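Peer 1: Given chain A, put chain B in place with the hints provided.
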Amino acid sequence: MTKYVIKRVIMAIVTIFIISAITFFAMNAIPGGPFNREKALDPATIEALNARYNLDKPVLQQFFIYLGHFIKGDLGVSLKNGRSISAIIGDSFPISAKLGLMAMVVAIFFGILLGSIAALMRNKWPDRVVIFVSTLFTAVPSFVLATLLLLIFSIQLGWVRVWSASSQSYILPVIALSMYPMAYITRLTKSSMLDSLGQDYVRTARAKGVASRKVIFKHALRNALIPVVTYVGPMTAYIITGSLVVETVFTIGGLGSKFVTGITNRDYTMIMGTTIFLAAVMVTANLIIDIVYKLIDPRITFD
Amino acid sequence: MKNVNDLPKKSLMSLQVDLSKFMPATEEEKRQQDVMSESTTFFRDGMKKLFHNPLAMISIVVLLLIIITIVVAPMIVPYGYSEIISVGGERDKGAKNLRPFEWSEAEQEYIAAGNELFPHIMGTDALCRDYFIRVIYGTRVSLSIGFFASIIVLIIGLIYGSISGYVGGRTDLIMMRIVDIIYSLPDMLMIILLSVVLDPLLSGLTSGPLQTLGTNMISIFVVFGLLYWVTMARLVRGQILSIKENEYILAARAVGAKPGRIIRKHIIPNIVSIIIITTALEIPTAIFTESFLSFVGLGVQAPMPSLGSLANAAREGLNSYPFKLVFPAVTICLIVLAFNLIGDGLRDSFDPKLRR
Chain A
0 MTKYVIKRVI
10 MAIVTIFIIS
20 AITFFAMNAI
30 PGGPFNREKA
40 LDPATIEALN
50 ARYNLDKPVL
60 QQFFIYLGHF
70 IKGDLGVSLK
80 NGRSISAIIG
90 DSFPISAKLG
100 LMAMVVAIFF
110 GILLGSIAAL
120 MRNKWPDRVV
130 IFVSTLFTAV
140 PSFVLATLLL
150 LIFSIQLGWV
160 RVWSASSQSY
170 ILPVIALSMY
180 PMAYITRLTK
190 SSMLDSLGQD
200 YVRTARAKGV
210 ASRKVIFKHA
220 LRNALIPVVT
230 YVGPMTAYII
240 TGSLVVETVF
250 TIGGLGSKFV
260 TGITNRDYTM
270 IMGTTIFLAA
280 VMVTANLIID
290 IVYKLIDPRI
300 TFD
Chain B
0 MKNVNDLPKK
10 SLMSLQVDLS
20 KFMPATEEEK
30 RQQDVMSEST
40 TFFRDGMKKL
50 FHNPLAMISI
60 VVLLLIIITI
70 VVAPMIVPYG
80 YSEIISVGGE
90 RDKGAKNLRP
100 FEWSEAEQEY
110 IAAGNELFPH
120 IMGTDALCRD
130 YFIRVIYGTR
140 VSLSIGFFAS
150 IIVLIIGLIY
160 GSISGYVGGR
170 TDLIMMRIVD
180 IIYSLPDMLM
190 IILLSVVLDP
200 LLSGLTSGPL
210 QTLGTNMISI
220 FVVFGLLYWV
230 TMARLVRGQI
240 LSIKENEYIL
250 AARAVGAKPG
260 RIIRKHIIPN
270 IVSIIIITTA
280 LEIPTAIFTE
290 SFLSFVGLGV
300 QAPMPSLGSL
310 ANAAREGLNS
320 YPFKLVFPAV
330 TICLIVLAFN
340 LIGDGLRDSF
350 DPKLRR
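In the order they appear, the protein sequences are chains A and B.
Heads up, the first sequence is in numbering that gives the first Met the number 0, so the first residue is 0 and it goes up one at a time.
Heads up, the second sequence is in numbering that gives the first Met the number 0, so the first residue is 0 and it goes up one at a time.
Keep in mind that the hints were calculated from the coordinates and are not lab data.
Quick caveat, the model's predicted, so the values are computed rather than measured.
Any given hint could turn out to be false.
Stated by the list, open to error - Listed below are the simulated BS3-like cross-link pairs for lysine-lysine, each with C-alpha atoms no more than 30 Å apart in a straight line:
(1) B:48 <-> A:123
(2) A:97 <-> A:213
(3) A:6 <-> A:293
(4) B:264 <-> B:47
(5) B:243 <-> A:293
(6) B:48 <-> B:264
(7) A:207 <-> A:123
(8) A:293 <-> A:217
(9) B:264 <-> A:123
Said to hold, decoys possible - What follows is a list of derived Cβ distance ranges for each label pair:
(10) B:11 <-> A:207: 58 to 66 Å
(11) B:143 <-> A:128: 34 to 42 Å
(12) A:154 <-> B:98: 16 to 24 Å
(13) B:325 <-> A:128: 18 to 26 Å
(14) B:301 <-> A:73: 33 to 41 Å
(15) A:233 <-> B:143: 22 to 30 Å
(16) B:67 <-> A:73: 55 to 63 Å
(17) A:157 <-> B:322: 19 to 27 Å
(18) A:157 <-> B:99: 40 to 48 Å
(19) B:325 <-> A:47: 28 to 36 Å
(20) A:58 <-> B:318: 43 to 51 Å
(21) B:237 <-> A:212: 36 to 44 Å
(22) A:73 <-> B:99: 50 to 58 Å
As the list claims (entries may be wrong) - Partner residues are not named here, just some residues of chain B that face chain A (Cβ under 8 Å, in silico):
(23) 167
(24) 183
(25) 274
(26) 314
(27) 321
(28) 328
(29) 332
(30) 336
Note that beta-carbon positions come from the ideal geometry of N, C-alpha and C, so glycine has one too.
The following block holds chain A by itself, in its conformation from the complex (with noise of 0.2 Å):
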């Protein structure tokens, strides 16, 4: 067990090194510096700033300051507005948390309700009903839900304010993330419930004379679930970069928004800082909850 936690944590950590290599370099080798402004600058304030900012010294020695700075939370100063990046992530990231956690338990709760109901009514109206619209929703994409979910709850009906600083209402965002992570929760609650409830343990349960609440809740969902908890790592991925697109439509200043702005500004150094930044977060995520999944499954071993 520990054995395995710490070969997963050391994977992590190189994991995390890897894409911070990759952005550095991928960013070093983007044709023109941070300070080729339109308007071009005496050669002497270019030195001064290169000095500054360590771009004089060979590329792999500014890796290795970068990563220094990296460990410490320094992510450098945005190329645009020259705030540090870190304090940007410090904002903005709150936000996009609490979004992107109560899109998750939504996505989660809801999810396995549909899919249990859906394999317990097999075939009849409610199971197609409820597959029928989980097939459909695993085919729209974000952006354009979250388009269709602003223009008619809140610019044709008027039921829900527009974001801004003083009505913050998740609502809307929270369903448009939450939709897709909950279609696929749906069909995978349904397969995997409809295979343990085919299990001999089940029918013996049955046959034993237990209530058939607590065959559904003790014995099938439970096994059931498992499959789920599997899915919730490719949910967090799914969650983060989903968040880019929703937080962007509804004009919310989380930290997608922060990285799409930043690709559209092309500010490097935002870019850089946020990629990591979610990789990090992506990662450890993922983690947690394989530890997690070894944790509840004791049929898996640890080798």
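Peer 2: Here is chain B on its own, set in the frame of chain A:
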């Protein structure tokens, strides 16, 4: 049949059957030997199951209709995807943001003068371009991205996975470690990063036909080639490893079959269905990825439309012209839904592990 009495007398201890102990079969018993249905192959059986799956069949029909439309429509519609509408040789400034089947004033006068014009089936966009032909070209671009990206994934994944699975040992270990690391990279973030980087790098290199595609589209392919093949490689390797352990491979080897024959006759037929299914399900992923990249402004080059960039462009002025979002969005949904359902149908009919 020989008469019982014609046979030589059975000697004691011999294994010769004693025919006098047998009875002729009755008509009913003979009928049990009748062949009830034709002998069938795995492929034919799967196809039969697929044809009986209504959702998959509808999806195939829908996809075929879409493909026929995108091939035929540009030959019929007289507008180009980047062509600004002109009436009688003069640029028509009033043909901006027309609704479906609406005419601009200049066009109405032109028609009133007795000339014929092709209707704007989906209206026009903010730059006075016919929207229908843009959606058609957008569908072409999105579908071809999906198609080629999944082919790239298929080729790289297949070669890498088969080498790793067939050679095994230390090679396999090293190759799979590389796959593990690429697998744990957050794909979407890496795609965005690589697109940002590849865009200026590629713009210097490309010329000729590649130029019209746009550097972003090439970087999408490069990125797919770099990142998305790992799932396919893992799948192929796992399949080959498990098939290699089967008794029939051992039997084939024991009777002297050469590796070439084993790969051709035993391994490929066993993995081909799973590969086709995964490839079919890879196409919607690629289309989704492209639409996502278009959303963040890293999609195909400007005058060339893709479904994602059309839907994204439609977000401006959405309140006044919602149909501009609806057409490309519905097309994306239809294509992705169709591929998902075909993939599911193929899996249900060709994956032997799912048969009950």
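Peer 1: None of the hints should be skipped; say for each whether it holds.
Peer 2: Verification of the supplied hints:
1. A hinted pair counts as satisfied when its Cα atoms are at most 30 Å apart, and residue 48 of chain B with residue 123 of chain A qualifies at roughly 23 Å.
2. Annotation: proposed proximity of residue 97 of chain A to residue 213 of chain A is violated, straight-line Cα distance about 34 Å (limit 30 Å).
3. Note on residue 6 of chain A and residue 293 of chain A: the hinted pairing holds, with a Cα-Cα distance of about 14 Å set against a maximum of 30 Å.
4. Restraint check: the Cα-Cα separation between residue 264 of chain B and residue 47 of chain B comes to about 23 Å, which is no more than 30 Å; the hinted pair holds.
5. Restraint check: the Cα-Cα separation between residue 243 of chain B and residue 293 of chain A comes to about 28 Å, which is no more than 30 Å; the hinted pair holds.
6. Between the alpha carbons of residue 48 of chain B and residue 264 of chain B the distance comes to roughly 24 Å, so the proposed pair stays at or under 30 Å and holds.
7. Of the supplied pair hints, the one linking residue 207 of chain A and residue 123 of chain A holds, its CA atoms being roughly 27 Å apart against a limit of 30 Å.
8. Using a Cα cut-off of 30 Å, the hinted pair residue 293 of chain A and residue 217 of chain A holds, with the two alpha carbons roughly 20 Å apart.
9. Taking the CA atoms of residue 264 of chain B and residue 123 of chain A, the gap is near 43 Å; set against the 30 Å cutoff, the hint is violated.
10. A hinted range of 58 to 66 Å holds for the C-beta pair residue 11 of chain B and residue 207 of chain A, which are about 59 Å apart.
11. Between residue 143 of chain B and residue 128 of chain A the beta carbons are some 35 Å apart, a value that agrees with the proposed interval 34 to 42 Å.
12. Judged by the Cβ atoms, the range 16 to 24 Å given for residue 154 of chain A and residue 98 of chain B holds: they are separated by roughly 19 Å.
13. About 24 Å separates the C-beta atoms of residue 325 of chain B and residue 128 of chain A, a value consistent with the hinted range of 18 to 26 Å.
14. At about 37 Å, the beta-carbon gap between residue 301 of chain B and residue 73 of chain A stays in the expected band of 33 to 41 Å.
15. The beta-carbon spacing between residue 233 of chain A and residue 143 of chain B, approximately 27 Å, falls within the hinted interval of 22 to 30 Å.
16. Judged by the Cβ atoms, the range 55 to 63 Å given for residue 67 of chain B and residue 73 of chain A holds: they are separated by roughly 58 Å.
17. Evaluation of the 19 to 27 Å hint for residue 157 of chain A and residue 322 of chain B yields a pass: the beta carbon distance comes to about 21 Å.
18. Checking the proposed 40 to 48 Å range against residue 157 of chain A and residue 99 of chain B shows it is violated: the Cβ atoms sit about 27 Å from each other.
19. Taken as a hint, the range 28 to 36 Å is violated for the pair residue 325 of chain B and residue 47 of chain A, whose Cβ atoms sit roughly 54 Å apart.
20. Checked against the hint of 43 to 51 Å, the C-beta distance between residue 58 of chain A and residue 318 of chain B comes to roughly 49 Å, which is consistent with it.
21. Checked against the hint of 36 to 44 Å, the C-beta distance between residue 237 of chain B and residue 212 of chain A comes to roughly 39 Å, which is consistent with it.
22. About 54 Å separates the C-beta atoms of residue 73 of chain A and residue 99 of chain B, a value consistent with the hinted range of 50 to 58 Å.
23. This hint is violated: residue 167 of chain B has a C-beta 17 Å from the nearest C-beta of chain A, more than the 8 Å allowed.
24. Given the 8 Å rule on beta carbons, the hint for residue 183 of chain B holds: about 5 Å separates it from the nearest Cβ of chain A.
25. A hinted interface residue such as residue 274 of chain B counts as satisfied when its beta carbon comes closer than 8 Å to some beta carbon of chain A; here the least separation is about 21 Å, so the hint is violated.
26. A distance limit of 8 Å between C-beta atoms decides the matter here; for residue 314 of chain B the minimum to chain A is near 6 Å, and the interface restraint holds.
27. Using the Cβ-Cβ criterion of 8 Å, the hint placing residue 321 of chain B at the interface with chain A is satisfied: the shortest such distance is roughly 6 Å.
28. The criterion of a C-beta within 8 Å of any C-beta in chain A is met by residue 328 of chain B, whose closest approach is roughly 4 Å, and the hint holds.
29. Given hint, residue 332 of chain B at the interface with chain A, holds; its Cβ is 5 Å from that chain's nearest Cβ, closer than 8 Å.
30. Interface restraint check: residue 336 of chain B against chain A, minimum CB-CB distance 4 Å, threshold 8 Å, status holds.
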